[in-house]
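J.: Using the sequences provided together with the hints, build the complete structure.
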Amino acid sequence: EAQVTQNPRYLITVTGKKLTVTCSQNMNHEYMSWYRQDPGLGLRQIYYSMNVEVTDKGDVPEGYKVSRKEKRNFPLILESPSPNQTSLYFCASSSTRIQDSPLHFGNGTRLTVT
Amino acid sequence: AQSVTQPDIHITVSEGASLELRCNYSYGATPYLFWYVQSPGQGLQLLLKYFSGDTLVQGIKGFEAEFKRSQSSFNLRKPSVHWSDAAEYFCAVGVGDNDMRFGAGTRLTVKP
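Line by line, the protein sequences give chains C and Y.
Per the numbering used here, the very first residue in the first sequence carries number 1; after that it's consecutive.
Per the numbering used here, the very first residue in the second sequence carries number 115; after that it's consecutive.
A couple of the hints might just be wrong.
To be verified - Below, simulated DSS-like cross-link-like pairs (lysine-lysine); rule was C-alpha separation at most 30 Å, straight line:
| hint | chain 1 | residue 1 | chain 2 | residue 2 |
| --- | --- | --- | --- | --- |
| 1 | Y | K175 | Y | K225 |
| 2 | C | K71 | Y | K163 |
| 3 | C | K17 | C | K65 |
| 4 | C | K17 | C | K69 |
| 5 | C | K57 | Y | K163 |
| 6 | C | K57 | C | K18 |
To be verified - A short list of chain C residues far from chain Y (calculated; beta carbon distances all over 10 Å):
| hint | residue |
| --- | --- |
| 7 | V4 |
| 8 | P8 |
| 9 | L11 |
| 10 | T20 |
| 11 | V21 |
| 12 | S24 |
| 13 | Y31 |
| 14 | R44 |
| 15 | E53 |
| 16 | P61 |
| 17 | S80 |
| 18 | S82 |
| 19 | R97 |
| 20 | I98 |
| 21 | L103 |
| 22 | N107 |
FYI, nobody ran anything at the bench for these hints, they're computed from the structure.
Small disclaimer: the values here were computed from a predicted structure and weren't measured.
Where a beta carbon is used, it is the ideal one built from N, C-alpha and C, also for glycine.
T.: Here is the structure:
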């Protein structure tokens with residue numbers, strides 16, 4: 001089954017404790033992206049990757065890092081989480097162009113930073 | 115700058131009634147437009163998309179949307195709402211080859 005898998009689904013952590021949210025897709029998609037969803041703001045893009053070893057900032061990259069060492073994986077790293085990063089995070093992937101393959105989303109990771 | 119506006123934060127309709135969710139976009143070129151649905155605890159699922167051609171597009175689950183260039187709108191409609199349609203709905207505009215700008219979402223409640 002074609003899917004985007006995020007782990008964990010829920011995460012509670014404390015300020016400053018490094019964490020990683022994993023994302024994996026099995027569709028051989030070149031493009032992967034991370035979004036955060038906050039009430040009243042919709043989804044905002046954090047980082048995206050056009051292919052292996054190619055990443056770039058989205059609209060709200062501060063406080064986040066990503067890596068793309070393999071095509072299927074695109075982890076999101078919070079080196080020193082802060083309470084304003086409490087949010088619902090989504091990973092998404094698509095083929096080369098959204099005209100050919102609109103974004104496929106994971107089920108989300110709800111992060112709480114205390 | 116590209117943007118998407120969904121004027122209604124929350125809409126309540128009775129089961130069996132018709133539904134229209136509004137979406138307005140701001141984009142310089144011909145837009146690629148999408149509607150996604152998010153059920154509780156789930157990711158976003160694509161309902162329908164518009165790239166070109168017929169301005170009335172059909173999607174899954176009985177939804178349709180109409181692109182109106184003169185009004186910069188892409189409203190989502192369904193003739194008869196089912197209780198299972200209760201969810202949050204996001205309109206999005208494609209930017210470049212891969213990026214999307216999402217609206218803030220409209221939460222739909224369905225009354226029995």
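J.: Which hints, by number, does the structure contradict?
T.: Numbers 7, 13, 14, 19, 20, 21 and 22 - these are the hints that the structure violates, sorted from lowest upward.
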